[in-house]
Amino acid sequence: MPFFLIITTIFLYSCNQNIDRQDENKNDYTDQQTIARESIISIGSVSHAIQNEILLLQPFADFLSENLREFGIKKGRVVVTRNIEDMAILINSGEVDIYIDSPYPIFSVAELANLQPILKHLRDNTEYYKSVIFTKADSEINELKDLKGHMIAMEESYSTSGYFLPTSLLISNGIELAKFDVPDAVVPEDKVGYCFSDDDESTVFWVLNEKVKIGATDITSYYRNSGDRVTELKMITSSIELPRQLVAIRDGFDSTYVNKIKEILLEMDESESGQKALESFYSTTKFEDLTENELSKIEKVFDEYFDSKNCNDK
Amino acid sequence: MNISIQKIAMTNKIRKKYKIGIRQRFTIVFSLFLFILGTANTINNIRTQEKVVKERLISEAKTIITILEASAAEYLNDLRIDQIREDLNFILTNDEIVYTYVFDKNNRLITDGTTLNKMRHKVFGDEISLNAYNSNEIIIQFTDNYLDVSAPVYLNIERTGTVRIGFSLNVLNAEIFKIRNENVISGMILLAIGIMLVNILINRITKPINLLTEGTKAVAEGVLNKKIEIKTSDELESLADAFNQMTTKIQETRQGIIKAKEQAEKSDKLKSEFLAQMSHEIRTPVNTIMNFTSLIRSDIEDQMNDEIKESFEIIDNGGRRLIRTIDLILNMSELQAGTYTPQYQQINLKDNIIAPLVNEFKIHAEKKDLSLTFSNGIHHPNITGDKYTLLQLFANLLDNAIKYTHQGGINVFLEEAVSNKFRVSIADTGIGISEKYIDNLFQPFSQEEQGYTRKFEGNGLGLALVKRYCELNNAEINVESEKGLGSVFSVIFNSR
Numbered sequence: 000m001p002f003f004l005i006i007t008t009i010f011l012y013s014c015n016q017n018i019d020r021q022d023e024n025k026n027d028y029t030d031q032q033t034i035a036r037e038s039i040i041s042i043g044s045v046s047h048a049i050q051n052e053i054l055l056l057q058p059f060a061d062f063l064s065e066n067l068r069e070f071g072i073k074k075g076r077v078v079v080t081r082n083i084e085d086m087a088i089l090i091n092s093g094e095v096d097i098y099i100d101s102p103y104p105i106f107s108v109a110e111l112a113n114l115q116p117i118l119k120h121l122r123d124n125t126e127y128y129k130s131v132i133f134t135k136a137d138s139e140i141n142e143l144k145d146l147k148g149h150m151i152a153m154e155e156s157y158s159t160s161g162y163f164l165p166t167s168l169l170i171s172n173g174i175e176l177a178k179f180d181v182p183d184a185v186v187p188e189d190k191v192g193y194c195f196s197d198d199d200e201s202t203v204f205w206v207l208n209e210k211v212k213i214g215a216t217d218i219t220s221y222y223r224n225s226g227d228r229v230t231e232l233k234m235i236t237s238s239i240e241l242p243r244q245l246v247a248i249r250d251g252f253d254s255t256y257v258n259k260i261k262e263i264l265l266e267m268d269e270s271e272s273g274q275k276a277l278e279s280f281y282s283t284t285k286f287e288d289l290t291e292n293e294l295s296k297i298e299k300v301f302d303e304y305f306d307s308k309n310c311n312d313k
Numbered sequence: 000m001n002i003s004i005q006k007i008a009m010t011n012k013i014r015k016k017y018k019i020g021i022r023q024r025f026t027i028v029f030s031l032f033l034f035i036l037g038t039a040n041t042i043n044n045i046r047t048q049e050k051v052v053k054e055r056l057i058s059e060a061k062t063i064i065t066i067l068e069a070s071a072a073e074y075l076n077d078l079r080i081d082q083i084r085e086d087l088n089f090i091l092t093n094d095e096i097v098y099t100y101v102f103d104k105n106n107r108l109i110t111d112g113t114t115l116n117k118m119r120h121k122v123f124g125d126e127i128s129l130n131a132y133n134s135n136e137i138i139i140q141f142t143d144n145y146l147d148v149s150a151p152v153y154l155n156i157e158r159t160g161t162v163r164i165g166f167s168l169n170v171l172n173a174e175i176f177k178i179r180n181e182n183v184i185s186g187m188i189l190l191a192i193g194i195m196l197v198n199i200l201i202n203r204i205t206k207p208i209n210l211l212t213e214g215t216k217a218v219a220e221g222v223l224n225k226k227i228e229i230k231t232s233d234e235l236e237s238l239a240d241a242f243n244q245m246t247t248k249i250q251e252t253r254q255g256i257i258k259a260k261e262q263a264e265k266s267d268k269l270k271s272e273f274l275a276q277m278s279h280e281i282r283t284p285v286n287t288i289m290n291f292t293s294l295i296r297s298d299i300e301d302q303m304n305d306e307i308k309e310s311f312e313i314i315d316n317g318g319r320r321l322i323r324t325i326d327l328i329l330n331m332s333e334l335q336a337g338t339y340t341p342q343y344q345q346i347n348l349k350d351n352i353i354a355p356l357v358n359e360f361k362i363h364a365e366k367k368d369l370s371l372t373f374s375n376g377i378h379h380p381n382i383t384g385d386k387y388t389l390l391q392l393f394a395n396l397l398d399n400a401i402k403y404t405h406q407g408g409i410n411v412f413l414e415e416a417v418s419n420k421f422r423v424s425i426a427d428t429g430i431g432i433s434e435k436y437i438d439n440l441f442q443p444f445s446q447e448e449q450g451y452t453r454k455f456e457g458n459g460l461g462l463a464l465v466k467r468y469c470e471l472n473n474a475e476i477n478v479e480s481e482k483g484l485g486s487v488f489s490v491i492f493n494s495r
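Sequence order for the protein chains is A and B.
Residues in the first sequence are numbered from 0 upward in steps of one, following numbering that gives the first Met the number 0.
Residues in the second sequence are numbered from 0 upward in steps of one, following numbering that gives the first Met the number 0.
Hint data in this document are derived by calculation from the structure and do not stem from the laboratory.
Be a bit skeptical, because a hint or two may be false.
25 Å max Cα-Cα, derived BS3-like pairs, lysine-lysine [stated by the list, open to error]: (1) A/K233 / A/K210; (2) B/K117 / A/K210; (3) A/K144 / A/K210; (4) B/K230 / A/K135; (5) A/K129 / B/K225; (6) A/K259 / A/K74; (7) B/K117 / A/K275; (8) A/K275 / A/K296; (9) A/K233 / B/K121; (10) B/K121 / A/K135; (11) A/K210 / A/K261; (12) B/K260 / B/K270; (13) B/K260 / B/K308; (14) B/K216 / B/K226; (15) B/K248 / B/K225; (16) A/K259 / A/K233; (17) A/K135 / A/K147; (18) B/K104 / A/K210; (19) B/K226 / B/K270; (20) B/K230 / B/K206; (21) A/K135 / A/K233; (22) A/K129 / A/K210; (23) B/K226 / A/K135; (24) B/K117 / A/K233; (25) B/K121 / A/K210; (26) A/K178 / A/K135.
Here are some of the chain A residues that sit facing chain B, going by a computed Cβ distance under 10 Å [what the hints assert, rightly or not]: (27) D197; (28) F204; (29) L207; (30) N224; (31) K261; (32) E262; (33) S279; (34) F280; (35) T284.
Over 12 Å on every C-beta distance to chain A, these chain B residues come out as not near it, computed from the model [as the list claims (entries may be wrong)]: (36) I83; (37) T114; (38) N116; (39) Q442.
Beta carbons: idealized from backbone N, C-alpha and C, even for Gly.
Let the sequences and hints guide you as you build the complete structure.
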């Protein structure tokens with residue numbers, strides 16, 4: 000009898016082993032320390048993928064803050080907004096110190112806030128880039144004048160390659176543009192319609208799948224996103240070249256501080272920790288100096304664009 | 000006592016024969032049983048838990064693919080690649096997911112969630128991809144490293160593409176490994192505990208058995224006052240109680256036997272003392288009668304006629320016969336009472352025993368016109384023996400041979416029997432012994448013919464004493480006889 004009790008006990012015990020294995024990992028929450036604004040350097044970026052953007056930029060912000068200890072900087076912070084207006088507000092309020100983006104958003108924010116481009120940012124190892132306007136290879140559209148009455152897919156309203164460069168190209172060629180919300184809208188015969196795909200990859204897919212006849216994107220995106228199907232496409236024209244990205248700093252900082260930031264960024268690719276921070280930051284290879292000559296050329300392009308835009312708005 | 004020793008030896012022999020005892024046998028059998036049960040249970044647990052873990056992963060995969068499918072349907076139709084990418088990126092934050100793919104309706108890869116997607120627009124032609132592409136329902140496929148889950152994407156009733164997610168099996172495998180380890184370890188611990196408990200249980204059984212064995216052994220060795228204390232409140236305790244009752248009974252019986260033996264010995268001693276006393280009382284007056292008769296005879300020797308001489312002869316014979324009978328009774332009494340102390344010494348059978356006796360009995364033989372011869376075939380027939388009893392032994396045999404032989408003679412042989420053994424044979428040509436009487440030949444007070452009609456005088460003690468004398472001298476006696484032809488009594492001694 001006791002033997003069977005023992006066996007039964009052993010059997011029941013082993014059968015009753017709880018197999019409910021809940022994930023015991025607990026999220027760690029780090030208390031935000033209250034640090035004086037003056038002790039923080041804030042890096043701004045405009046993106047819809049806020050969390051992802053913070054993840055990409057945080058190592059860069061940390062690297063910068065670590066190298067600015069002598070100026071009392073204790074922490075690096077990433078601030079992401081969904082549009083340039085919000086970014087301009089944050090720059091003006093002093094919440095964002097450095098804003099990194101492609102030239103059009105930089106100059107658009109600079110129209111609204113006190114911001115000064117200081118360096119070129121070689122994102123994806125690209126110093127300069129341009130936009131292309133393309134269509135299907137078998138399309139009857141071959142040149143700019145054939146675009147009238149058709150819809151162009153562009154990325155978004157603050158994209159340099161996916162909006163600014165193609166529209167400035169078309170405007171400078173005397174083509175009148177009409178904005179539409181949907182790709183299948185009817186475009187007047189005397190105008191070129193445009194709508195936003197919100198994504199360069201989508202722009203290419205729209206053209207390949209004939210959702211729209213024409214697309215505009217940067218040259219890198221054109222080749223990358225069409226892949227093996229690039230033969231199904233043809234380029235109609237291309238824009239002027241602009242720096243891939245710029246680093247801009249808000250006005251009001253001491254020149255020593257600004258020069259130190261420039262120095263840190265320009266030498267960032269020379270240290271191991273700097274390379275590591277750059278690697279996660281859109282595969283940046285390095286920062287390069289923005290010469291006065293380059294800056295004045297870019298400013299001239301934007302001045303003309305904003306002037307013509309203001310004239311059209313009036 | 001000899002029987003007890005034999006029993007103990009037998010018990011030990013049996014114990015040695017069975018090298019695996021109950022304890023070992025039970026331990027082995029139950030350990031094997033527990034091992035098999037534990038192994039089966041562990042395997043069953045592992046399988047069940049593995050199944051649960053797999054099913055959980057499959058369920059999780061199904062949930063995620065269903066959400067992705069629902070989310071991607073409209074984006075796929077609108078070719079909002081950024082939105083699909085965002086969904087995929089969100090899914091990819093799950094550590095268990097290693098890849099996500101969205102295909103268009105032509106099975107071309109649209110996105111894997113990255114902007115650097117190098118497989119973009121490619122058609123996947125492997126079996127899993129084709130299965131996924133051709134299926135209208137969720138397909139779950141296990142590969143070596145992944146759990147591949149795919150689902151068709153429908154917008155209304157139109158199929159717009161396929162979504163596919165690869166779950167790493169690393170986490171699952173790690174969890175299965177952990178489950179196996181935990182189960183095996185817990186199984187081993189439980190097995191060890193089980194064996195320990197079985198051992199305790201077996202101890203509860205074998206310990207009382209060992210106690211009973213020790214008790215039985217003690218009884219076999221004659222220790223009857225040993226009590227076995229077993230308090231198990233079961234059959235073993237009852238057995239121990241019964242055993243204790245049995246030893247008590249045996250002890251009581253034994254004491255009774257000892258008492259009876261002591262009483263018998265006391266009675267025997269009294270009998271011997273009585274006999275000795277009685278013999279003395281008879282012998283003394285008989286000796287007196289014989290001495291005075293001898294004196295009277297010598298005084299009137301010259302004046303006696305034949306009739307008177309014969310009368311004196313009868314008186315002398317009767318007296319001698321009476322003294323001889325008393326001597327035999329006394330000797331038998333001493334041997335039975337154990338009061339006779341033999342004095343062993345080196346004896347030459349020929350010179351010290353046989354030859355003098357043959358000479359002595361030759362006179363008696365000649366009186367009956369019988370021949371008495373002695374043949375010796377051994378140079379030095381030396382033995383170790385008690386001279387008095389040896390003389391009595393052969394005197395009795397010779398006396399009997401002459402007494403029961405009426406014609407012919409008696410031949411005595413001393414020869415070697417087998418190696419290191421001597422044989423003394425006394426062969427006569429007498430009346431012989433019937434076959435049915437031979438078995439009782441050496442019983443005290445027995446004679447072939449009983450009652451007043453018997454032809455030969457005697458008390459039936461002679462051959463009984465011969466047998467006892469042989470035993471005292473470590474000799475063996477055999478009889479061969481045929482009625483009417485004669486008898487041969489052979490006594491076999493060990494040399495030295």
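Now the hints, each set against the structure:
1. For the hint linking A/K233 to A/K210, the alpha-carbon distance of about 16 Å falls within 25 Å, and the restraint holds.
2. Taking the CA atoms of B/K117 and A/K210, the gap is near 23 Å; set against the 25 Å cutoff, the hint holds.
3. Taking the CA atoms of A/K144 and A/K210, the gap is about 21 Å. The hint holds against a cut of 25 Å.
4. Restraint check: the Cα-Cα separation between B/K230 and A/K135 comes to about 101 Å, which exceeds 25 Å; the hinted pair is violated.
5. With a C-alpha separation of about 113 Å, the suggested pairing of A/K129 with B/K225 is violated against the 25 Å cut-off.
6. Among the hinted pairs, A/K259 with A/K74 is consistent with the structure: their alpha-carbon atoms are about 16 Å apart, no more than 25 Å.
7. A distance of roughly 24 Å separates the Cα atoms of B/K117 and A/K275; the hinted pair therefore holds under the 25 Å criterion.
8. For the given pair, A/K275 sits about 32 Å from A/K296 by alpha-carbon distance, which is inconsistent with the 25 Å threshold.
9. Taking the CA atoms of A/K233 and B/K121, the gap is near 20 Å; set against the 25 Å cutoff, the hint holds.
10. Our distance criterion of 25 Å between C-alpha atoms is met by B/K121 and A/K135, whose separation comes to about 19 Å.
11. Between A/K210 and A/K261, the direct Cα distance comes to roughly 45 Å. Violation of the 25 Å bound is thereby established for this hinted pair.
12. Proximity of B/K260 to B/K270 is assessed by CA-CA distance (about 15 Å); at most 25 Å being required, the pair is judged to hold.
13. Of the pairs offered as hints, the one joining B/K260 and B/K308 is violated, with about 53 Å between alpha carbons and a cut-off of 25 Å exceeded.
14. Between the alpha carbons of B/K216 and B/K226 the distance comes to roughly 12 Å, so the proposed pair stays at or under 25 Å and holds.
15. At roughly 13 Å between alpha-carbon atoms, B/K248 and B/K225 fall within 25 Å of each other, so this suggested pair holds.
16. Pair hint A/K259 plus A/K233 does not hold up; C-alpha atoms about 46 Å apart against a cutoff of 25 Å.
17. Between A/K135 and A/K147 the CA atoms are separated by roughly 16 Å; this keeps the pair inside 25 Å, and the hint holds.
18. The straight-line distance between the Cα atoms of B/K104 and A/K210 is roughly 15 Å, inside the 25 Å bound, and the hint therefore holds.
19. For a cut-off of 25 Å, the pair hint linking B/K226 to B/K270 is broken: about 41 Å separates their Cα positions.
20. For the suggested pair B/K230 and B/K206, the alpha carbons sit about 11 Å apart, so the restraint of at most 25 Å is met.
21. Proposed proximity of A/K135 and A/K233 is supported: the alpha carbons are some 6 Å apart, at most 25 Å.
22. For the hint linking A/K129 to A/K210, the alpha-carbon distance of about 24 Å falls within 25 Å, and the restraint holds.
23. Using a Cα cut-off of 25 Å, the hinted pair B/K226 and A/K135 is violated, with the two alpha carbons roughly 112 Å apart.
24. Between B/K117 and A/K233, the direct Cα distance comes to roughly 20 Å. Compliance with the 25 Å bound is thereby established for this hinted pair.
25. Proposed proximity of B/K121 and A/K210 is supported: the alpha carbons are some 20 Å apart, at most 25 Å.
26. Restraint check for A/K178 and A/K135: satisfied, since their Cα atoms lie roughly 22 Å apart, inside the 25 Å limit.
27. Interface hint status for A/D197: upheld, as the beta-carbon distance to the closest one in chain B is roughly 5 Å, under 10 Å.
28. With a cut of 10 Å, the hint placing A/F204 at the interface with chain B holds, because the nearest CB-to-CB distance is about 5 Å.
29. At its closest, the beta carbon of A/L207 sits 8 Å from a beta carbon of chain B; the interface hint therefore holds under the 10 Å criterion.
30. Taking 10 Å as the C-beta contact cut-off toward chain B, the hint placing A/N224 at the interface holds, the least distance being around 7 Å.
31. Taking 10 Å as the C-beta cut-off, the interface hint given for A/K261 is violated, the closest approach to chain B being about 29 Å.
32. Of the supplied interface hints, the one on A/E262 is violated, with its beta-carbon coming no nearer than about 31 Å to a beta-carbon of chain B, more than 10 Å.
33. With 10 Å as the threshold, the beta carbon of A/S279 stays out of range of chain B, its nearest partner Cβ sitting at about 14 Å, so the hint is violated.
34. For the restraint placing A/F280 at the interface with chain B, the shortest Cβ-Cβ distance is roughly 15 Å, beyond the 10 Å limit, so the hint is violated.
35. Violation of the interface hint for A/T284 is found here, the shortest Cβ-Cβ separation to chain B being roughly 16 Å, above the 10 Å cut-off.
36. Interface exclusion of B/I83 from chain A breaks down, the closest Cβ pair being 9 Å apart, not more than 12 Å.
37. Residue placement check: B/T114 does not keep its beta carbon more than 12 Å from all beta carbons of chain A (closest about 7 Å).
38. Non-interface status of B/N116 relative to chain A is broken: a Cβ of that chain comes within 12 Å, the nearest being about 8 Å off.
39. The claim that B/Q442 is not at the interface with chain A holds, since no C-beta of that chain comes within 12 Å of its own (minimum 64 Å).
The earlier numbered hints that this structure contradicts are 4, 5, 8, 11, 13, 16, 19, 23, 31, 32, 33, 34, 35, 36, 37 and 38.
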